[in-house]
Every structure is written in C-alpha cells, then in structure tokens.
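Peer 1: Sequence:
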Amino acid sequence: LQGPFTTTFVPHLFHKSIRVLCNANTSEGFNPNKDASLPEINLITSEIPRLGGQPPSKRSTLAFFAGGLHGHIRYLLLNEWKGKDQDVQVYEKVPQRVSYEKMMKSSKFCLCPSGYEVASPRVVEAIYAECVPVLISDGYIPPFSDVLDWKLFSVQVPVKNISDIKNILMSISNRQYLRMQRRVKQVQRHFLMNGPPKRYDVFHMIVHSVWLRRLNIRIQDLLT
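Position 28 of the sequence shown, counted from 1, bears residue number 28 in UniProt numbering, the numbering being contiguous throughout.
Read the hints as simulated data drawn from the structure, not as lab findings. Each hint can be trusted.
Heads up, simulated DSSO-like pairs for lysine-lysine below, C-alpha to C-alpha not over 30 Å straight-line:
#1 198 / 34
#2 151 / 58
#3 151 / 82
#4 82 / 58
Now the in silico label distances, taken between C-beta atoms and shown as ranges:
#5 75 / 215: 37 to 45 Å
#6 87 / 51: 22 to 30 Å
#7 69 / 156: 20 to 28 Å
#8 87 / 159: 16 to 24 Å
#9 138 / 68: 15 to 23 Å
#10 121 / 158: 17 to 25 Å
#11 171 / 86: 17 to 25 Å
#12 84 / 159: 12 to 20 Å
#13 194 / 75: 31 to 39 Å
#14 175 / 101: 22 to 30 Å
Heads up, the beta-carbon is just placed ideally off N, CA and C, and yes, glycines get one too.
Turn these sequences into a full structure, and let the hints steer you where they fit.
Peer 2: This is the structure we're talking about:
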C-alpha cells in the first residue's frame with residue numbers, strides 16, 4: 001500500500017516503470033495505461049478460501065458492510081447508514097453472535113468502501129462469497145479492467161451518492177441481479193491464489209496485466 005508514496009521519491013520509478021499496485025488511485029498518480037491494479041487479498045490461512053454462499057433466493061439481506069471507521073468514505077457511509085435500515089446493514093463491528101462470513105454469504109450486495117487507501121480486501125471477499133460487490137470510491141481502477149467488465153458483475157457508486165445506495169440497489173431488477181451474481185461466480189477463478197499457479201488464476205491475471213502494459217510502453221521510454 002506504500003508503493004505510490006514510495007515511488008514519488010524516485011521520479012524514474014514513478015514515471016518510467018510499470019507499477020503493480022493495490023492502491024490503484026488515479027488521484028495519487030496511478031496511470032491505468034502504464035500501471036497495473038493488483039487485487040487486495042486478505043490471506044488468513046494458506047488454505048483455499050471457502051467459496052460460495054446462499055443461493056440468490058435465500059439471500060435475505062439487500063446490502064451488508066462491517067469494518068473499521070478509517071478514511072472519510074467510511075465515515076460518510078457509517079454516518080448515513082449505521083443502525084438505520086434493516087435492508088442496508090452497516091456496522092463498525094459485527095454484533096455478537098453474528099458471523100461476518102455468513103452475512104456476506106447471505107447478502108445480495110456487499111458494500112466495499114475505500115478506507116485510508118482506495119482498495120479494500122472486501123472486494124475479493126465479496127467475490128468469494130458470491131455477493132455482488134458495491135464499489136464505493138472515487139478514482140479507483142478495479143483489477144484486470146482490461147479484460148473484465150466490472151459493470152457486468154459489480155455496482156459502482158460514487159462517494160457523493162452514498163445516501164442513495166438503497167435506491168440504487170433497489171432499482172436493479174431481480175433479473176439483472178441474477179445475471180450479475182452469476183457473473184460473480186464466473187470471475188471467481190481470476191481472484192484465486194493457487195500454489196502452484198493454475199491457468200487464469202490471480203497470478204496469471206497479474207502477469208497478463210503487466211504484459212498488456214508492456215505493449216503500451218517502448219523500451220526506450222523506460223530507459224530514458
């Protein structure tokens with residue numbers, strides 16, 4: 001997460017290298033033509049994460065978020081929605097006897113607001129739980145956008161529209177939601193870490209992202 005900050009001290013790295021960054025924030029100099037966005041993955045154990053969740057018909061919660069209050073976007077989200085709506089369940093800490101994982105696996109949409117940094121591991125956690133991610137950020141370039149059309153399997157909400165989240169999600173028809181949720185399941189394999197790597201997993205997707213940017217940059221651009 002310190003990559004953007006560190007490279008600002010070395011202009012040659014900042015301007016001439018292909019940077020692979022979790023904090024893919026265009027407001028901090030991330031250049032999608034030259035830099036690659038890296039998914040932020042929270043590896044709790046070395047085991048493959050438990051994928052899947054409730055079928056769409058049994059996902060009783062419209063939207064869910066639980067996370068620490070850091071960064072102005074989360075402050076706005078919690079101030080607007082914390083404890084105020086049973087359909088949009090927003091917590092700073094998950095209540096006792098409530099499972100964070102089960103909530104993600106039983107929600108239709110999982111809210112993924114930026115914190116101190118623009119990226120959040122909740123994006124990948126939502127994909128693992130087959131919960132349609134709702135990206136709440138400004139200036140964020142989602143991973144692998146060259147080949148994955150995020151509009152087909154996620155909802156992108158500008159920060160200025162946080163107060164309108166419920167209306168935005170309610171306006172998505174059940175037919176449209178089912179298509180998005182099915183596509184979340186289809187892209188899961190691109191966010192899995194395997195040892196050794198497997199075809200089309202996150203390792204190969206990152207390498208492919210770097211390869212694509214190499215096509216945009218000439219060797220002399222990198223050396224001069």
